[in-house]
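Sequences are here, hints too, so could you generate the full structure?
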Amino acid sequence: MATTRILEGLGRLYVFMLLAFLYLPIIIMALMSFNASPFYQLPFEWTVDWYQSLWQNGQLISATWNSLEIAVITTIISVVLGTAASLALYRYEFRGKKLLQALLFPPIAIPWLITGTAMLIFFFGVGIGRGLFAILLGHVALALPYVIVVVSARLQTFAPELEEAARSLGANQWQVTARVTLPWIMPGVIAGGLFAFAVSFDQFVVSYFLSTPGQTTLPVEIYAAIRKGFTPEINAVSTIIIVVSMALMLLTARFFKFGGEK
Amino acid sequence: MAGVTVSEVSRRFGAHKALDNVSIDFADGGFYALLGPSGSGKTTLLRQIAGFDFPDSGRISIGGESVERVPVEKRRIGMVFQNYALFPNMSVADNVAFGLSVRGEAKAVIATEVQRALDLVQLGKLGGRRPHQLSGGQRQRVALARAIVTKPRVLLLDEPLGALDKALRVDMQIELKRIQREIGITTIFVTHDQEEALTMSDRIGILRDGRLVQEGPPEEIYDRPKSEFAATFLGDANIFRGDATANGIRLPDGTAIAAGVGDRLAAGAKASCAVRPERIQIATDAGATDGDANVLRGQVSKRIFAGNNSTYFVDRAGQTLKVIVQNTGLDRLAEGQDVVLRWSPESTVLIAAAG
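Protein chains in written order, with numbering that gives the first Met the number 0: chain A, 0 to 261; chain B, 0 to 354.
Derived from the structure by calculation, the hints contain no laboratory data. Careful, some of the hints might be misleading.
Said to hold, decoys possible - Every beta carbon over 10 Å from chain A, so not counted as near; a handful from chain B, in silico:
no.: 1; residue: PHE51
no.: 2; residue: ARG75
no.: 3; residue: ILE76
no.: 4; residue: LEU85
no.: 5; residue: PRO87
no.: 6; residue: ASN88
no.: 7; residue: GLY126
no.: 8; residue: ARG128
no.: 9; residue: LEU133
no.: 10; residue: ARG145
no.: 11; residue: ASP208
no.: 12; residue: GLU219
no.: 13; residue: ARG223
no.: 14; residue: ILE238
no.: 15; residue: PRO251
no.: 16; residue: SER343
What the hints assert, rightly or not - 35 Å max Cα-Cα, derived DSBU-like pairs, lysine-lysine:
no.: 17; chain 1: B; residue 1: LYS301; chain 2: A; residue 2: LYS97
no.: 18; chain 1: A; residue 1: LYS97; chain 2: B; residue 2: LYS165
no.: 19; chain 1: A; residue 1: LYS96; chain 2: B; residue 2: LYS16
no.: 20; chain 1: A; residue 1: LYS96; chain 2: B; residue 2: LYS73
no.: 21; chain 1: B; residue 1: LYS269; chain 2: B; residue 2: LYS165
Glycine is no exception: its CB is placed at the ideal position from the N, C-alpha and C atoms.
Laid out in structure tokens, this is it:
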């Protein structure tokens, strides 16, 4: 009995340390965004000045909007293209299918630094150059393999007779896809979309290569700001982002079970 | 409602001939079983009729309309799949409504038709359930209701009872037959279970290696099989092999067996005789000799008692014969006993040797 209790205690301690390891830096950062001292001096003095001055920081705000816009558009494009590609790979046999599937994985493993350099050279070569459009293209290319991998995994659990049954009842390809296949793979599509959003919104390396001083994203802007001199404004904007993205994640987890059908 | 005609249909998958020049007429309103071992092409044939796959050559027509290049969604067929294939994201009622809904029927019409179909399969009250909340037998009924609610021209069933346990299977066989009679739909049923084929269908087609071996009413195939395969696949049969004579065959040891049924063959040709185990009488003495009955002597090597009947395995000249006897009295034969087997030429089918 005593051993069980000790083990239980150790287990609890482990979980606590794990959560502390994950969340302590974030919590400190969030607290400092409400601290009056710009140099993280204690004692703690409550203020919302940093949040107010954030609204005056035009560069940071415009970079935040750029990041959000690019992440949303990246998510939409890569989910639509990725789901369509997964369905094509699932349904049809065609020349070079195996090769295509094999080529989908390496981009996930290639360091972003290298992908970024390659994109920069390529975009200059074809005349797209740098800027928000180049960043968007780059993000879609990075996110697409994730969506295809996640949606394809979900499709592996789909029973092909369901599509056959729907067709035998007179449904055309569109009706089969919209009413039978998509509802089944929806958890995969949502998970793929979250991946795409995260890949784009967190993206620093590729964005850094492809941005120009006026046209940049939040991570790149934060990096630039830190190099000029760190201000708690950065803590404030980071806190807002964390609260919003955690709320988004929790909401999604509440409405969709990622593990599959119960 | 419509009849289905398959003529000279062939289909290859690589080097494998899945269907080899198959022709069958499925009469309007009939209940037809396609019977065969796995790999015989019965499911391939069903999928050709459904329109999931197209033949390499040959013609298929439904109700006189040529359909061999028409995709499944335009063929107006109903199909029940082996594992039911119910849509897991929809309620029972929505599953049944699917075919009417993709056709753009009015909501009120759909509701009425769905209720009627669910009532027909005796699931009138379960429309709101999800497929995973139903038992195997209930899922089977939903699949059937979904397939017939659109008033298809032909109903196709791919081993629909395969996943059910024995007792439920018998219930569903009766149920399926009742529903089929009630709506009078042409039904084609794929099965590897000979008993199911015998008890349910008006006609049976036996397939083997992509070819149609024999086709006809169950009684005809059982009483007059045209090949050793048909004789042994549909029911049980004792097979004697020898050379054809004027009225039967002569076994290698010289014994003559008279056959009253089957084709006349040129004397001397290789031939077989098939006799059903229950047609043979077994006794300890020769008894009154009936002039033209076939008589063989042998020794009981094994007896299997099954309550209402007993199966005797009788050794005779290196061959083991099977005899099934109804246990109408208390007389039992012991293993090792010498016996006399007797059966009439009318119970003996002459079959040309496969060549």
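Which hints, by number, does the structure contradict?
-> Going through the list in order, the structure violates hints 1, 2, 3, 4, 5, 6, 10, 17, 18, 21 and respects the others.
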